[in-house]
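For this one, chain A is given, so just place chains B, C and D with the ligands on it according to the hints.
Just so you know, the protein sequences line up as chains A, B, C and D, in that order. Following full-length UniProt numbering from start to finish, the first sequence increments by one per residue and tops out at 275. Following full-length UniProt numbering from start to finish, the second sequence increments by one per residue and tops out at 275. Following full-length UniProt numbering from start to finish, the third sequence increments by one per residue and tops out at 304. Following full-length UniProt numbering from start to finish, the fourth sequence increments by one per residue and tops out at 304.
If you are wondering where the hints come from, they were derived from the structure by calculation, not from laboratory data. Glycine included, C-beta positions come from ideal geometry on N, C-alpha and C. One should not assume that every hint holds.
Cross-link-like lysine-lysine pairs, in silico, DSBU-like; alpha carbons within 30 Å at most [claimed, not checked]: (1) A:Lys77 x A:Lys5; (2) D:Lys180 x C:Lys207; (3) B:Lys75 x B:Lys131; (4) C:Lys207 x D:Lys207; (5) C:Lys213 x B:Lys255; (6) A:Lys131 x A:Lys75; (7) D:Lys119 x D:Lys180; (8) D:Lys180 x C:Lys238; (9) B:Lys77 x B:Lys255; (10) D:Lys213 x A:Lys259.
Rough simulated footprint, nothing fancy, chain D against chain A, three-plus residues with beta-carbon under 8 Å [as the list claims (entries may be wrong)]: (11) 46–58; (12) 100–114; (13) 155–167.
So these bits of chain B aren't anywhere near chain A, every CB distance computed over 12 Å [said to hold, decoys possible]: (14) Glu46; (15) Arg73; (16) Asn99; (17) Asn143.
Chain by chain, the residues:
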Amino acid sequence: MMLIKEKVIENKQIGNPEQGLFRLVLQGEAALAARPGQFVHIRVGETYDPLLRRPVSIAAMNRERRELTLYYRVKGKGTALLTQIRPDEMVSILGPLGNGFQLPSSGRLLLIGGGIGVFPLFSILEAVDRKKVDVKLLWGGENQCFMESAGLDGLKKSGIDYELATMDGSTGYKGLVTDLLRTELESPQNKRDSPAKTLLAASCGPGGMMKAVAAICREAGVPLQVSLEERMACGVGACLGCVCTVREAGVLQRKKVCKDGPVFDGEEVVWDAEC
Amino acid sequence: MMLIKEKVIENKQIGNPEQGLFRLVLQGEAALAARPGQFVHIRVGETYDPLLRRPVSIAAMNRERRELTLYYRVKGKGTALLTQIRPDEMVSILGPLGNGFQLPSSGRLLLIGGGIGVFPLFSILEAVDRKKVDVKLLWGGENQCFMESAGLDGLKKSGIDYELATMDGSTGYKGLVTDLLRTELESPQNKRDSPAKTLLAASCGPGGMMKAVAAICREAGVPLQVSLEERMACGVGACLGCVCTVREAGVLQRKKVCKDGPVFDGEEVVWDAEC
Amino acid sequence: MPNVDLQVELAGITLKNPVMTASGTYGFGEEYAPFYDPALLGAITVKGITPLPRLGNPVPRLAETPAGILNSVGLENPGLEVFLQEYLPRLKNLDTAVIVNISGFSLEDYMMMASAFQKGCGIAALEVNISCPNIKHGGMAFGTDPRSAEEVIAAVRKNTGLPLIAKLSPNVTSIADMAKAVESGGADAVSLINTLLGMSIDIHAQKPLLANKVGGLSGPAVRPVAVRMVYQVFEAVKIPIIGMGGIMTWQDAVEFMLAGASAVSIGTANFTDPLAPLDVIKGLEEYAESRKCASIREIIGAAH
Amino acid sequence: MPNVDLQVELAGITLKNPVMTASGTYGFGEEYAPFYDPALLGAITVKGITPLPRLGNPVPRLAETPAGILNSVGLENPGLEVFLQEYLPRLKNLDTAVIVNISGFSLEDYMMMASAFQKGCGIAALEVNISCPNIKHGGMAFGTDPRSAEEVIAAVRKNTGLPLIAKLSPNVTSIADMAKAVESGGADAVSLINTLLGMSIDIHAQKPLLANKVGGLSGPAVRPVAVRMVYQVFEAVKIPIIGMGGIMTWQDAVEFMLAGASAVSIGTANFTDPLAPLDVIKGLEEYAESRKCASIREIIGAAH
Ligand SMILES: Cc1cc2nc3c(=O)[nH]c(=O)nc-3n(C[C@H](O)[C@H](O)[C@H](O)COP(=O)(O)OP(=O)(O)OC[C@H]3O[C@@H](n4cnc5c(N)ncnc54)[C@H](O)[C@@H]3O)c2cc1C
Ligand SMILES: Cc1cc2nc3c(=O)[nH]c(=O)nc-3n(C[C@H](O)[C@H](O)[C@H](O)COP(=O)(O)OP(=O)(O)OC[C@H]3O[C@@H](n4cnc5c(N)ncnc54)[C@H](O)[C@@H]3O)c2cc1C
Ligand SMILES: Cc1cc2nc3c(=O)[nH]c(=O)nc-3n(C[C@H](O)[C@H](O)[C@H](O)COP(=O)(O)O)c2cc1C
Ligand SMILES: Cc1cc2nc3c(=O)[nH]c(=O)nc-3n(C[C@H](O)[C@H](O)[C@H](O)COP(=O)(O)O)c2cc1C
Ligand code: FES
Ligand code: FES
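If we strip away everything but chain A, and leave its shape as in the complex, we get (with noise of 0.2 Å):
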């Protein structure tokens, strides 16, 4: 973790520009100290408008060019202001943040992504051993259009083992991707009463659908993490005003987004939390 001015190498839209996708590199140290599922928080200008640093999935770390890969959409003003920062500028980051994913060394690993949500599993993708671990990707998304925008070209050429969900069914099944993790659940080899002890997922999307994911874990007897999304102030657990609420041995309790998470136990989180 560490206050850091990285070099923008890249910042460039990406797809169609409807999709209002952009990739962002930046060269620094904080490559170095990167892993999967973590975050930084960037410092999007230098007035008081907006006052706050926005929190950006890390996608990709490269250590010998020292480059982190965000992915980011722009979404309002400080991801508006993202977008006027041009190559050879400095940009302020505090990061890597938050704790990441935990990753298998064997087995097979089920990736579930809703959306943007996606990203942060990019960097699993990278960084697990593909030769040991058997890694399978659901992704949902709106249409084909920004599925292609968001990075599925890159997917193909990976030869990762992916399928697809969108809302009109332009690419892949139509329909939730929850869907697609039911069926996959339901393959003779994900058994319960198959070698399931081998089978682990995560997932990062939107609220709604991780919620269902977890249930469909919970009920398959899949160990999930689930990569959580709050407004953030700090970044690193000083303010208490990103929380998620868990239960811990049937007690209710805070935990911070930022700096115990944003990865947590899909098992853990209490979804919907009325308190």
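Okay, now just chains B, C and D with the ligands, sitting in the frame of chain A:
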């Protein structure tokens, strides 16, 4: 007076970087309407910090090329942000604003500039018919480095009659520009009993200097126009933020620097008004 | 052509749309006329008028602060008489509702101002600025004590037949109590918020930057406070609310209307973007349309 | 080596420099330790502690606003017991003055918190957050009524020998009255300001953005209000002031000290720039030097 996006043709540091001086050339319709002594109110960024526009005097206007030339010194947040705008980008300006100088079509015109207050006077040098009007500029500044950075070369080339005063004597007279003014007004041709009726003066600079200039001109019976500065919000007379105090027919009144000025009758202005 | 009815009712007046301009930020209706026709606005509110002409405070009167400005204009205005003779006739020519903002330093001031404006005089309503110090009560502002506020509104109420809008100061412990007080004093509507009292210090001169030391904070910086107050007042009184305080965009205006404002005023935003009021009108219309509202009135208070 | 004495005296404690961190923005002293040694600070103030553990409010707890943030953490904390057992021992190892911020919902809460902290327990002072609602008084905050404020401070005073700092809420009509009340209640210093009550509305969901509806506004947006209050309180009481509210840079800190603060707290700025407190210390030192002050104390209140 218009609200318009103009194209940045040039936005470049001039002279010694220590002086923090920039030339900004804008292209658009505003140039067609501009008169010497007017200013434009520039939006230096798109966020709410800074929130207000920044007033900058028009130093030159080229109707054929529809270009306005402005000079500015980096002072704080707003002018620092202004330096970041690059050629071909668009900036929102409100202007041309204010009344401008009244230029003689014959006789003699004495310009007294203090520091960067010389910039609006440049617009007079450009606009006045120098075949018919005998113009002389007295310009005071900190030192030679400042004077050269702020446009001394251009002055030399223009063939204008000028005299300089610097605080450290590094160029021109060592001392205040008001000393030059006194000497000038005492020169034989400018004596009260000589054809002083044909002499007009115009001044822009720090408040203290203009107050002294006004006293000297009044003493010498020379009509003086002063260009004032005051903190501005609206720039169009709507907020009453930028007033100065004048005495009209013996009665104290407020005038809006942005709308009734920035150029005022030097005789009328109440300097250091206490209420 | 959008099918949204933008009309709102306020204190017995009908506005063609809910977007007005805030007192002190729009001069006397002429300053922004070179940019667009004021008739496009729901209403305009003129600079605060006092019985006698006022020079206001010395300069500097403005200080910029993060996402805000401090002003200490000090109620500079030409006084009632000149206003009636020179400004009012021109204001009447604008094809929009004109609201006159009045200020005073004693009950008598307010009463005399009120009686100068009656039905048929060409203005739509009076807005009573109660943020001024009451000179007879040791300079404590009318608008910071519920009893004084009720008293001053009741006094104005007795002296004019025009719709009455009470403009509330945010510098109070309970804005709901203030709103209730002016409601029982007879106000037909409330405007909120006026500026927050603030100060900026010049660290080179080592003294307050404004000649008047303190000034009023406005602009987007205060918006969260203003929205909260509109939300609270909506639950406290029955009379309609004119919401203001940092509205820069139509999104901000929607926030205020959802919080409970029947109309919104654009103040500081005029300085940054003279066309802000028009963008707000357009945005409100489109928002209502996208939410399938037949009338913009449907969103008033919808966040409760 | 600069020749400026940065030491300040506050409520009987000596701080090595006037720069502290604000409660709730600096966790329990460990979160920013990876970036710099907390011993460089004049003092740190820990997150507000209550008698029992609290889960705080649901999320969202944060909303960004122009130059500010709204938070509604809702006093999430591990409770007194866990604090004493787990956090305090680690805090004592930091070589800086530790101030514990305490909160409660009744007089009894405050008294019991106070008696748990005595001289020699390893902390430098108690900061009493009186912005909390008093459950026995219909939820009206202790900090919005001078009598309640005096009462709660007096109660705490009786139960601890530690220096006592009263943390004032800005959501009041007269901050000077509040400061006088806590002074006569026995406070040794005042901290101001706590957050301004605000709200942000989600225009898509058409409801308040924060789960708790209202939140506290902090950051540079509120600075002009905070500086004004420090200035007013400096003229109203004799006890020293800890100034805070939107301090991002050393220039801002100088503003507060000129207005009358003997020390300053850095809050929201930590989130944007974890090193802000160090930059403020350095800047204060250089400012004092450039003004030829032998001690930073010379600038306290110099704008009056
Ligand atoms: C741990 C983490 C990792 C993330 N990784 C990515 C990523 O890899 N790619 C990507 O495109 N986005 C990612 N996000 C979401 C991203 O941070 C938000 O989209 C961004 O902050 C929006 O800022 P804005 O100014 O454009 O939007 P605005 O809506 O203007 O933001 C206003 C405020 O809300 C906060 N906010 C808005 N949306 C979110 C959100 N979904 N999550 C958290 N805070 C939000 C902002 O940070 C800001 O404080 C991540 C969020 C978190 C918490
Ligand atoms: C009519 C007019 C014409 C001007 N022409 C020029 C010019 O040609 N070249 C040039 O370099 N400068 C000119 N100035 C001054 C210029 O506007 C200020 O230097 C600039 O606004 C400073 O902004 P900032 O954000 O960099 O400084 P900051 O100090 O951060 O500004 C803070 C606030 O104070 C105001 N302010 C600060 N200094 C001044 C000032 N001297 N006059 C008015 N407002 C001020 C700013 O507008 C802003 O609202 C002119 C000012 C006026 C009123
Ligand atoms: C320069 C200026 C002058 C103002 N003058 C008045 C006034 O005369 N009477 C009044 O009731 N409010 C006055 N106000 C307050 C505004 O009408 C409005 O309530 C406040 O600025 C909040 O809105 P805003 O943030 O959109 O500007 C003034 C505000 C500004 C900025
Ligand atoms: C996230 C957050 C949590 C806070 N928690 C507390 C608290 O527990 N007790 C307290 O007295 N003040 C609390 N505050 C208020 C700050 O200590 C400080 O008074 C306020 O934020 C103004 O300073 P700033 O603008 O520099 O942040 C909190 C502020 C923030 C932003
Ligand atoms: S963002 Fe501050 S605790 Fe997580
Ligand atoms: S800047 Fe508003 S009246 Fe001049």
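Hints versus structure:
no.	hint	verdict
1	A:Lys77 x A:Lys5	holds (21 Å)
2	D:Lys180 x C:Lys207	holds (24 Å)
3	B:Lys75 x B:Lys131	violated (37 Å)
4	C:Lys207 x D:Lys207	violated (43 Å)
5	C:Lys213 x B:Lys255	holds (22 Å)
6	A:Lys131 x A:Lys75	violated (37 Å)
7	D:Lys119 x D:Lys180	holds (26 Å)
8	D:Lys180 x C:Lys238	violated (37 Å)
9	B:Lys77 x B:Lys255	holds (28 Å)
10	D:Lys213 x A:Lys259	holds (26 Å)
11	46–58	holds (count 6)
12	100–114	violated (count 0)
13	155–167	violated (count 0)
14	Glu46	violated (9 Å)
15	Arg73	holds (20 Å)
16	Asn99	holds (33 Å)
17	Asn143	holds (31 Å)
Comparing the model with each numbered hint stated earlier shows that hints 3, 4, 6, 8, 12, 13, 14 do not hold.
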